[in-house]
Amino acid sequence: MQLVLEKRAERSNTIALVSPLIAIGLTIVTMTILFAILGKNPFLALHAYFIAPLTDAYSLQEIAVKATPLVMIAIGLSLCYLANAWNIGAEGQFLIGAVAGSWIAVKTQGTDAGAWVLPAMLVLAAAAGALYALIPAICKVKFGASEILTSLMLVYVADLFLDYLVRGPWRDPQGFNFPTTAEFDPVATVPLLIDGGRLHLGSIITLLVVAAAAILLGRTIKGFEIRVVGAAPRAARFGGFNANQLIILTFAVSGALAGLAGIIEVAGPVGHLQPGISPGYGFTAIIVAFLGRLNPLGILIAGLFLALTFIGGEQAQIAMKIPLDVTKVFQGILLFYVLACDSLILYRFKLVSPNRQVASGTH
Amino acid sequence: MQAHQRMLDSTPNGLHSGESPLLQTLGLTKRYGDFLANDSIDIDIWPKEIHALLGENGAGKSTLVKAIYGLIQPSAGEIRWQGQPIVLSGPSEARSRGIGMVFQHFSLFDNLTVAENVALGLDGRESFKDMSARLEQVSKTYGLPLDPRREVWQLSVGERQRIEIVRALMQDPKFLILDEPTAVLTPQEADQLFIVLERLKAEGRAILYISHKLEEVKRLCDTATILRGGKKVDTCNPRLETAASLARMMVGGEIKEVKAAAGRKTTVPRLVVNDLSLAPSEAHGVRLEHISFELKGGEILGIAGVAGNGQDELFAALSGERLSKDPGTVVIEGIAAGHLSITQRRKLGAAFVPEERLGHGTAPRMKLSENALLTGHAASGMVHHGFIDTAATLKTVDRATETFDVRKAKRDPEAASLSGGNLQKFIVGREILRNPAVLVVSQPTWGVDAGAAAVIRQALLDLASAGAAVLVTSQDLDELAEIADRIAVMFHGHLSAPLATADATREKLGLLMGGSSLEPKEAAHAVGA
Ligand SMILES: Nc1ncnc2c1ncn2[C@@H]1O[C@H](COP(=O)(O)OP(=O)(O)OP(=O)(O)O)[C@@H](O)[C@H]1O
Ligand SMILES: [Mg+2]
Numbered sequence: 142m143q144l145v146l147e148k149r150a151e152r153s154n155t156i157a158l159v160s161p162l163i164a165i166g167l168t169i170v171t172m173t174i175l176f177a178i179l180g181k182n183p184f185l186a187l188h189a190y191f192i193a194p195l196t197d198a199y200s201l202q203e204i205a206v207k208a209t210p211l212v213m214i215a216i217g218l219s220l221c222y223l224a225n226a227w228n229i230g231a232e233g234q235f236l237i238g239a240v241a242g243s244w245i246a247v248k249t250q251g252t253d254a255g256a257w258v259l260p261a262m263l264v265l266a267a268a269a270g271a272l273y274a275l276i277p278a279i280c281k282v283k284f285g286a287s288e289i290l291t292s293l294m295l296v297y298v299a300d301l302f303l304d305y306l307v308r309g310p311w312r313d314p315q316g317f318n319f320p321t322t323a324e325f326d327p328v329a330t331v332p333l334l335i336d337g338g339r340l341h342l343g344s345i346i347t348l349l350v351v352a353a354a355a356i357l358l359g360r361t362i363k364g365f366e367i368r369v370v371g372a373a374p375r376a377a378r379f380g381g382f383n384a385n386q387l388i389i390l391t392f393a394v395s396g397a398l399a400g401l402a403g404i405i406e407v408a409g410p411v412g413h414l415q416p417g418i419s420p421g422y423g424f425t426a427i428i429v430a431f432l433g434r435l436n437p438l439g440i441l442i443a444g445l446f447l448a449l450t451f452i453g454g455e456q457a458q459i460a461m462k463i464p465l466d467v468t469k470v471f472q473g474i475l476l477f478y479v480l481a482c483d484s485l486i487l488y489r490f491k492l493v494s495p496n497r498q499v500a501s502g503t504h
Numbered sequence: 028m029q030a031h032q033r034m035l036d037s038t039p040n041g042l043h044s045g046e047s048p049l050l051q052t053l054g055l056t057k058r059y060g061d062f063l064a065n066d067s068i069d070i071d072i073w074p075k076e077i078h079a080l081l082g083e084n085g086a087g088k089s090t091l092v093k094a095i096y097g098l099i100q101p102s103a104g105e106i107r108w109q110g111q112p113i114v115l116s117g118p119s120e121a122r123s124r125g126i127g128m129v130f131q132h133f134s135l136f137d138n139l140t141v142a143e144n145v146a147l148g149l150d151g152r153e154s155f156k157d158m159s160a161r162l163e164q165v166s167k168t169y170g171l172p173l174d175p176r177r178e179v180w181q182l183s184v185g186e187r188q189r190i191e192i193v194r195a196l197m198q199d200p201k202f203l204i205l206d207e208p209t210a211v212l213t214p215q216e217a218d219q220l221f222i223v224l225e226r227l228k229a230e231g232r233a234i235l236y237i238s239h240k241l242e243e244v245k246r247l248c249d250t251a252t253i254l255r256g257g258k259k260v261d262t263c264n265p266r267l268e269t270a271a272s273l274a275r276m277m278v279g280g281e282i283k284e285v286k287a288a289a290g291r292k293t294t295v296p297r298l299v300v301n302d303l304s305l306a307p308s309e310a311h312g313v314r315l316e317h318i319s320f321e322l323k324g325g326e327i328l329g330i331a332g333v334a335g336n337g338q339d340e341l342f343a344a345l346s347g348e349r350l351s352k353d354p355g356t357v358v359i360e361g362i363a364a365g366h367l368s369i370t371q372r373r374k375l376g377a378a379f380v381p382e383e384r385l386g387h388g389t390a391p392r393m394k395l396s397e398n399a400l401l402t403g404h405a406a407s408g409m410v411h412h413g414f415i416d417t418a419a420t421l422k423t424v425d426r427a428t429e430t431f432d433v434r435k436a437k438r439d440p441e442a443a444s445l446s447g448g449n450l451q452k453f454i455v456g457r458e459i460l461r462n463p464a465v466l467v468v469s470q471p472t473w474g475v476d477a478g479a480a481a482v483i484r485q486a487l488l489d490l491a492s493a494g495a496a497v498l499v500t501s502q503d504l505d506e507l508a509e510i511a512d513r514i515a516v517m518f519h520g521h522l523s524a525p526l527a528t529a530d531a532t533r534e535k536l537g538l539l540m541g542g543s544s545l546e547p548k549e550a551a552h553a554v555g556a
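Chains R and P supply the protein sequences, listed in that same order.
The first sequence maps to residues 142 to 504 in our numbering.
The second sequence maps to residues 28 to 556 in our numbering.
It should be emphasised that the hints constitute simulated quantities derived from the structure, not laboratory data.
Possibly wrong hints are sitting among the right ones.
[Unchecked claim] Subject to a maximum C-alpha distance of 27 Å in a straight line, what follows is the list of computed DSS-like cross-link-like pairs (lysine-lysine):
1) P/535 to P/240
2) P/75 to R/363
3) P/75 to P/240
4) R/363 to P/422
5) R/363 to P/394
6) P/240 to P/283
7) R/283 to P/352
8) P/422 to P/374
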């Protein structure tokens with residue numbers, strides 16, 4: 142017997158809905174095996190990952206805090222992916238946004254600059270993220286360069302640039318030579334929603350972004366344009382939609398959202414600029430976008446789920462000495478299964494016997 | 028036993044008594060929700076037989092053959108292959124049993140070569156080289172020339188179909204299904220295909236042949252099964268029927284004649300093309316050479332010609348899918364528009380219907396209302412301040428459905444779920460309902476049944492009567508003779524001077540389509556007619 146993939150005649154809408162759930166199930170099975178190989182009790186490990194964080198208020202807040210950048214970035218990415226534009230470099234746009242916004246914070250440090258500082262930081266970060274994302278988009282449109290490669294490579298440029306700044310010009314003189322800026326002033330900090338808690342204004346902004354994206358895609362002509370360019374390029378051209386303009390636009394929007402997420406993270410939970418402000422949010426957001434079926438509401442749910450794995454990973458490390466990198470393994474396996482299961486929407490597995498009549502032809 | 032009885036009855040002259048049918052369906056039913064696309068259909072296919080499957084658009088022909096080919100699962104009923112009941116889990120199983128199919132809508136990858144496409148469709152394990160060699164051999168044996176190394180996107184529709192046919196023949200099928208194969212072919216290409224089919228029949232194969240062209244069914248087919256509204260209504264010998272009697276069985280009534288309104292007056296020029304030359308956008312495309320014509324309101328200009336002579340390129344240049352540097356080459360409603368986008372041209376009052384319905388005229392996986400928006404967003408009040416007026420898009424769907432009798436399973440289905448002819452009616456309706464000043468339409472009645480074709484042609488005539496300028500590209504000379512006021516011929520990127528339809532005899536058009544020019548005097552006279 143041989144297993145082949147055969148195209149379905151009719152697109153399976155049921156599978157389109159349950160495919161992310163199948164992917165999560167398969168990932169958990171794989172992780173169970175992995176934990177067993179690592180010599181950890183799989184059930185305790187899975188409990189630490191997925192159940193424990195849901196049982197106390199602190200962890201719940203922490204999940205929302207982690208989901209904030211993930212969802213915000215993934216929303217932008219989903220616009221790109223729907224339009225067939227492959228922005229893989231959100232991590233870089235996130236870092237550049239963080240750097241650009243921090244510039245205002247660093248320059249106004251210790252002055253009596255007023256309440257304009259934080260809004261200015263947010264705007265500048267978004268603009269910088271957008272500009273940074275436009276580099277691969279313009280290379281794609283003008284020269285046909287693969288946006289996948291260029292956007293990815295720019296991540297490392299951004300990473301090293303940030304590193305240079307906090308080790309050089311922006312380093313906190315009182316920071317015992319640690320590569321970090323000084324703690325931002327209160328006017329340059331994202332306000333908390335609950336005193337003494339962890340939830341901050343960024344989560345609200347993210348919810349607004351989700352709602353805006355849902356309206357954009359569902360109700361506006363621009364959203365229709367994004368969907369049609371990705372789904373049927375020739376029909377889109379016939380409809381008068383320009384795919385190249387859309388690459389530019391979706392890259393700019395997703396860069397802006399990534400940049401905004403970057404400054405909110407720095408001016409919020411972190412409080413200062415330093416290397417390692419992102420545990421790979423820009424990459425994990427790719428998984429969030431696909432797991433959420435490129436749908437705003439789906440992305441919100443998927444973002445919370447992946448945030449759970451971050452928090453769960455930390456707890457599993459503390460409680461069971463499971464390496465933190467296992468979280469990344471988990472996320473990688475999950476993306477793999479999500480994409481694999483997606484092919485089941487249009488294809489199905491079939492067993493065929495090898496001794497069937499082969500098309501040998503007698504002509 | 029009872030089935031056997033019915034089988035004998037259905038064979039007009041008892042020719043087959045004694046043998047058993049190659050394929051049989053018994054009570055085959057396919058349900059989509061509450062909608063019965065196939066309602067308990069019995070059909071017998073015998074070896075050495077060309078069997079026609081006839082019916083109006085949406086009668087359920089494609090649905091039936093898709094079930095026979097394993098593409099969809101019947102909701103009830105049985106399929107028997109050489110007397111044995113079978114359940115087909117998919118097309119590859121059908122193919123391995125010896126059932127081949129050529130689809131109404133092609134399933135080819137544009138960016139792959141002919142040979143790669145064929146390889147993807149085959150289940151065998153031979154090497155790519157062997158397969159390519161066999162491909163060339165099969166295409167030569169059957170007189171279906173193909174260059175295995177060309178990429179599909181560069182090929183004309185006729186050539187694309189050849190790939191599908193050769194691919195099916197390479198599987199050496201006992202039973203071959205062809206879903207409207209001649210809808211897209213020129214008369215010459217169709218004749219070529221009939222020779223191939225006669226030969227396949229002589230080799231002992233059975234053929235199930237779907238077509239809306241009744242004359243060719245009479246000429247080619249031994250048996251005809253007629254579907255109406257998902258039910259089988261009759262089986263007959265088409266040679267003993269007339270085209271009109273076949274059509275009556277399909278429709279269950281008479282078909283209306285197309286009538287041009289008397290005293291149609293031409294008005295001002297609404298579409299003018301001035302010395303339009305355009306380099307091809309791809310390696311194997313056709314260069315447009317100095318094309319000029321003038322089309323007045325109230326007038327229908329037909330463009331004839333063998334496919335692949337620049338018709339697609341001309342459509343792209345007129346629609347604005349391709350822009351020309353010189354704005355004056357295309358003038359719409361007196362405004363130089365050669366440099367304007369398709370949206371801007373629509374705003375000037377132009378409307379376009381391309382020949383390819385799925386993927387070009389519509390986004391297959393989107394709803395009809397979204398496909399109404401696809402071309403309606405420019406100038407039809409479907410968008411307010413960037414927001415989509417869903418009610419307006421649905422209204423367009425409803426109006427097109429009503430005016431053009433689009434049959435579908437629900438109010439707003441995906442474009443791909445409509446039968447070919449019904450989708451065409453929707454697309455034409457969508458554009459005509461916008462009341463365009465200029466309508467450019469390619470192959471308006473491809474794969475559309477006789478009744479619906481009459482409706483579409485009548486609508487084009489009415490549109491012209493109302494003062495619009497209509498440009499129709501068609502390979503169907505009878506269609507052009509029926510509706511066009513003047514006919515021009517495209518050959519190698521040149522457009523001949525238009526002839527008045529009364530003067531455009533088949534001989535003259537045939538000469539022009541073959542690249543000869545008419546006598547200089549006559550041609551010169553026709554310029555600027
Ligand atoms: N996947 C589907 N979902 C819902 N309805 C469908 C689907 N496929 C087909 N139908 C409906 O079934 C009916 C029969 O369609 P079918 O394609 O078999 O018609 P047809 O006889 O081939 O017509 P045509 O001559 O226009 O090609 C149509 O009304 C169509 O809308
Ligand atoms: Mg059909």
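Status of the hints after comparison with the structure:
{"no.": "1", "hint": "P/535 to P/240", "verdict": "holds (24 Å)"}
{"no.": "2", "hint": "P/75 to R/363", "verdict": "violated (56 Å)"}
{"no.": "3", "hint": "P/75 to P/240", "verdict": "holds (22 Å)"}
{"no.": "4", "hint": "R/363 to P/422", "verdict": "holds (21 Å)"}
{"no.": "5", "hint": "R/363 to P/394", "verdict": "holds (17 Å)"}
{"no.": "6", "hint": "P/240 to P/283", "verdict": "holds (16 Å)"}
{"no.": "7", "hint": "R/283 to P/352", "verdict": "holds (19 Å)"}
{"no.": "8", "hint": "P/422 to P/374", "verdict": "holds (20 Å)"}
When each numbered hint is compared with the structure, a violation occurs for hint 2 only.
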